[in-house]
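I would like the entire structure built from these sequences, with the hints used as guidance.
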Amino acid sequence: MHTYLLRRILQTLPVLVGVALIAFVFSELAGSPIRGLLGQSTSEDIRRKVEAYYGFDKSRPERFLNYMQRLSKGDLGVSIVQNGEPVTKLLLGGLAVTAKLALGAIFIAIVLGVSLGILAARRPNSLIDYGASIFASVGVSFPAFFLGILLIMVFSVRLKLLPIGGYEEGQVKYLILPCVSLGLISTASIARLTRNCMIEALSKDFVRLARAKGVSEWSAVLHHALTNALVPVITVIGNDFASLLTGAVLTETVFGLPGIGLKLSRAIFSHDLPVVMGACVVLSLIFVVANLLVDLSYSFLDPRIRYGD
Amino acid sequence: MATDAAILTAAERLAPRPAPRWAKALRNPRTIAALAVILLTLAMALCAPWLAPHGYKDQYRGEENLAPGAYLLGTDDLGRDILSRMMYGAQVSLAVGLCATLVSMLIGVAVGLLSGYFGGWADSVLMRFTDTIAAFPSLLLAMAITAVYDRPHQTMAERIAVLIFALGIVGWTGMARLVRSQVLTIKGEDYVNAARALGAEDRHIILRHVLPNCVSPIIVVATLAIGGNILGEAGLSFLGLGVQAPFPSWGGMLADARNYVDTFWWQAVFPGTAIVITVLAFNLFGDSLRDALDPKALK
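These protein sequences, in sequence, are chains A and B.
The working numbering puts the first residue of the first sequence at 1, with every later residue one more than the last.
The working numbering puts the first residue of the second sequence at 1, with every later residue one more than the last.
Note that these hints are calculated values from the structure, not bench results.
Keep in mind that the hints are not guaranteed to be accurate.
From the structure, some residues in chain A lie toward chain B, with a derived Cβ separation under 8 Å [as the list claims (entries may be wrong)]:
#, residue
1, Val15
2, Val111
3, Ser115
4, Ser137
5, Val140
6, Phe142
7, Phe146
8, Val157
9, Ser265
10, Leu273
11, Val276
12, Cys280
We put the CB at the ideal spot given by N, CA and C, even for glycine.
Written out as structure tokens, the structure is:
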């Protein structure tokens, strides 16, 4: 287990270097930010001195090593638009909100998706099954930001139950609609997969044995079948996490929720490339770590999966 | 013997041929509906200059924010006809959705073929590269690419090319893995060994024997990817990374409408519904193709 853990963690290293390399290449393509920072009126001489100060006169490989060094210290550069504000500080301010949004959405997606999948699997080709299948098809075709706008129209504008957007620390009501609109999208794919895996699991011998043994229906479905159906579901949740993160960017933009995604979309709008790249690096990092956790969770869910003891 | 063979061919010729597998898919009403929606959207997009009741940038003073009525789907905050703008917006969605899928299909098929056929270090290098790209949240990477290439005074064609390139270059990893796994099974088949024994070159074997046998799964996966790319384009346009105003895109229209959710619902609901219906049609059509062409391998 320990060697597997170590190997799996080491495997993420090239990916992380790849993330940094791609971010670096794109920053390079965008050119030096110094001209933008200093404005057009500054003389060439001063610009060169400032560029040398920040290491822009060095060769590309050298600059990449510098960039990696700064990244490993958590330094993502400075914002061009917001008067040289450190990108790391700017983004860390939004991390808590994005984390709350993502976790809330995953919670909704898992609870709703798995229960819908179980209900559909227990009665294949029933009304519930058809309903769940239509919901799943429409759900995967729905952009999260459109769903967000529709929810605002119904729950904020018509029914006046929830705020139309914005955020206040510690107030759950600002998070409900964003979490629902982001979560419902992933609910669709989770429900579809849970249904298929559960139908297979329910027909297995160990479930029939459990039923023959006289365990309650509840226990046969939840304890015996579900734990076996859950591994592929967890994989999909891991894969879905990518669309969840990009969905978070769009959802935060719709609701004006001040997380990393909103900072990213504002930075895109104001052409603040260091912030755009920084946000992409941070979000990719979160994604890589999440996938690592998903991989490691398999052996807890299914004791038959062991890694090279 | 010769007569036996002749009888056999004659019998084969007389026997009713089984309908081709794709024809089976067309018997399903779900498939027909999906295909009809796709063709209708395509026709609307292509014929927008003739079909649209108004120009996409025609502004009618004093007729801003009109509810559906005189203008079939209402007008936006600048007094432009929403239906006409949606028709032109369909051009962007479909062009980007289809071309980006084509780009990622070409990259994915090439990587998968080379990796699966040659194996060895080429396989290792290509697959590690694929893993690294797949480790990114793809739309996020597309956002970064489109943001870097977001310069003032870009022409319409340049902007669309950036969108196609960005979405195409991030979306090929699934295709590469699929083609690779297909190639690995096909590589061991007798007809490939026979071709090799006859002295065929690698290029000939890949193009004549291996690739044709991967075509159905490639078509299925590509069809299922179109919807995702249309959603991706809508997301990028919603963030202001799409085509430049005044040319419309469905995502961009939703972004404009976001400011009026409390008053002018039609400005968001119609373009949004267009996205959902189009993506749904492509997804359902892809599902049907999968069921018809390759029921086992892709489930």
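Hint check:
Look at A/Val15: its Cβ gets to within about 4 Å of chain B, closer than 8 Å, so that hint holds up. Of the supplied interface hints, the one on A/Val111 is violated, with its beta-carbon coming no nearer than about 23 Å to a beta-carbon of chain B, more than 8 Å. The closest approach between the C-beta of A/Ser115 and any C-beta of chain B is roughly 23 Å, which is over the 8 Å cut-off, so the hint fails. Hint on A/Ser137 holds. Least Cβ distance to chain B is approximately 6 Å, under the 8 Å limit.
The closest approach between the C-beta of A/Val140 and any C-beta of chain B is roughly 6 Å, which is under the 8 Å cut-off, so the hint is satisfied. Checking A/Phe142 against chain B: minimum C-beta separation of about 6 Å stays under 8 Å; hint holds. The interface hint given for A/Phe146 is met, as the beta carbon of that residue sits about 4 Å from the closest beta carbon of chain B, less than 8 Å. The criterion of a C-beta within 8 Å of any C-beta in chain B is met by A/Val157, whose closest approach is roughly 5 Å, and the hint holds.
For A/Ser265, the interface hint holds, the least distance from its beta-carbon to any beta-carbon of chain B being 5 Å, beneath 8 Å. For the restraint placing A/Leu273 at the interface with chain B, the shortest Cβ-Cβ distance is roughly 7 Å, inside the 8 Å limit, so the hint holds. Residue-level restraint check for A/Val276 holds (minimum Cβ-Cβ distance to chain B is 5 Å; threshold 8 Å). Hint on A/Cys280 holds. Least Cβ distance to chain B is approximately 5 Å, under the 8 Å limit.
The structure does not agree with the numbered hints 2 and 3 stated previously, though it agrees with the rest.
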